[in-house]
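Undergrad: Read off the chains here:
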Amino acid sequence: MNWQIIFNPFIRFSEKWLLTIGIISAIAGSTIAVYCGVRYDGVIDVHTFPDITFVNSIKENLISITLLTFLLFVLGKIINPKTRFIDILNSSLLFRIPFYVSALLTSVPAMKTVEKEVLKNINTLDKIKIQPFDLAVLLIISILLIALLIYAIVLLFQGFKTATNAKKPSHYISFTIALILAEVLSKIILSTF
Amino acid sequence: MKLPIVCPSCENSLLVSQMKCGNCETEVNGKYDLPFYFKLSREEQDFILDFFLSSGSIKEMSKQAGNSYPTMRNKMDDLIEKINQLKNIP
Numbered sequence: 000m001n002w003q004i005i006f007n008p009f010i011r012f013s014e015k016w017l018l019t020i021g022i023i024s025a026i027a028g029s030t031i032a033v034y035c036g037v038r039y040d041g042v043i044d045v046h047t048f049p050d051i052t053f054v055n056s057i058k059e060n061l062i063s064i065t066l067l068t069f070l071l072f073v074l075g076k077i078i079n080p081k082t083r084f085i086d087i088l089n090s091s092l093l094f095r096i097p098f099y100v101s102a103l104l105t106s107v108p109a110m111k112t113v114e115k116e117v118l119k120n121i122n123t124l125d126k127i128k129i130q131p132f133d134l135a136v137l138l139i140i141s142i143l144l145i146a147l148l149i150y151a152i153v154l155l156f157q158g159f160k161t162a163t164n165a166k167k168p169s170h171y172i173s174f175t176i177a178l179i180l181a182e183v184l185s186k187i188i189l190s191t192f
Numbered sequence: 000m001k002l003p004i005v006c007p008s009c010e011n012s013l014l015v016s017q018m019k020c021g022n023c024e025t026e027v028n029g030k031y032d033l034p035f036y037f038k039l040s041r042e043e044q045d046f047i048l049d050f051f052l053s054s055g056s057i058k059e060m061s062k063q064a065g066n067s068y069p070t071m072r073n074k075m076d077d078l079i080e081k082i083n084q085l086k087n088i089p
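In the order they appear, the protein sequences are chains S and E. Position 33 (the first sequence) corresponds to 32 in numbering that gives the first Met the number 0; numbering is contiguous. Position 27 (the second sequence) corresponds to 26 in numbering that gives the first Met the number 0; numbering is contiguous.
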């Protein structure tokens, strides 16, 4: 298995190819959100929301991608004036893919069972009864969700690094700040939806 | 045969101390700096040659190498930085 393609596709593939994959996955991701009843209410967020519409999901996705792209592009231009918009956009688009997979994972029946049980006893949490099998599935899915979040950040970081030729620790710290800022701003903007 | 550019003992840059005519066997001895191009690694020399042969198009080079444009541009920028550093060494 070629790990470089999985963890840093930005080294190998052309910008057109990455852009195509990114756009198709964003549309697919919004479709998944409607099907699984989740919303992407932040740059690094996936939450259950059964009443989501396709148009709103696309809007949310678009806001997260635009915000992240804008912040990272400004930072990229400061680090390296040769940074291209398309490379940062592709990084932001591909960064979202693991979240679409996360959305799929939340629709696993065991997750829904646990969710219903928690919601039913939201005020009396000590009465929650979860079957051992459901608990095991919940644990596995939780680990997978964390792994997907880490993978998404790795993808974004590698894409940003390739686009800007960032090498210094100060660049990496700035990248982290930009990502946190994008998350905070996206939460504020998307909370109005 | 690969031209050695650094001393195998202390890793300092090597100098040219002798040149020989392949026809009449005349030998020239002295202490000459290696041409700039030869101070680069073989991979870096090949990169410059490929850049020249692709008419200075990084895009064309990236297609031929099967890499993305920013990857090749980063290689180019790193090489420019290295050459600038070499130029500043007296």
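It is worth saying that the hints were derived from the structure and are not from the lab. Quantities reported herein were computed from a predicted structural model and do not represent experimental measurements. Glycine included, C-beta positions come from ideal geometry on N, C-alpha and C. Be aware that a few hints might be false.
Stated by the list, open to error - The calculated SDA-like cross-link candidates involving lysine to any residue, where the alpha carbons are at most 20 Å apart (straight line), are:
no., chain 1, residue 1, chain 2, residue 2
1, S, K111, S, I85
2, S, K81, E, V5
3, S, K15, E, S56
4, E, K58, S, R11
5, S, K81, E, G55
6, S, K166, E, V5
7, E, K74, S, S13
8, S, K15, E, I57
9, S, K167, E, I57
10, S, K167, E, E59
11, E, K58, S, F84
12, E, K58, S, S173
13, S, K128, E, M75
14, S, K81, E, E80
15, E, K58, S, R83
16, S, K15, E, Y68
17, S, K166, E, G55
18, S, K119, S, H46
19, E, K81, E, V5
20, S, K167, E, L78
21, S, K166, E, R41
22, E, K74, S, I129
23, E, K58, S, E14
24, S, K115, E, K81
25, E, K58, S, K119
26, S, K167, E, G55
27, S, K166, E, I82
28, E, K62, S, V136
29, S, K76, S, S173
30, E, K74, S, P131
31, E, K62, S, I10
32, S, K167, E, M75
33, E, K58, S, P131
34, E, K74, S, I139
Stated by the list, open to error - If you want the footprint, here are the derived chain S segments under chain E, 3+ residues with CB under 8 Å:
no., stretch
35, 1-15
36, 23-32
37, 161-174
Undergrad: Tell me, which hint numbers fail for this structure?
TA: 1, 2, 6, 9, 10, 12, 13, 17, 21, 22, 24, 25, 26, 28, 30, 33, 34 and 36
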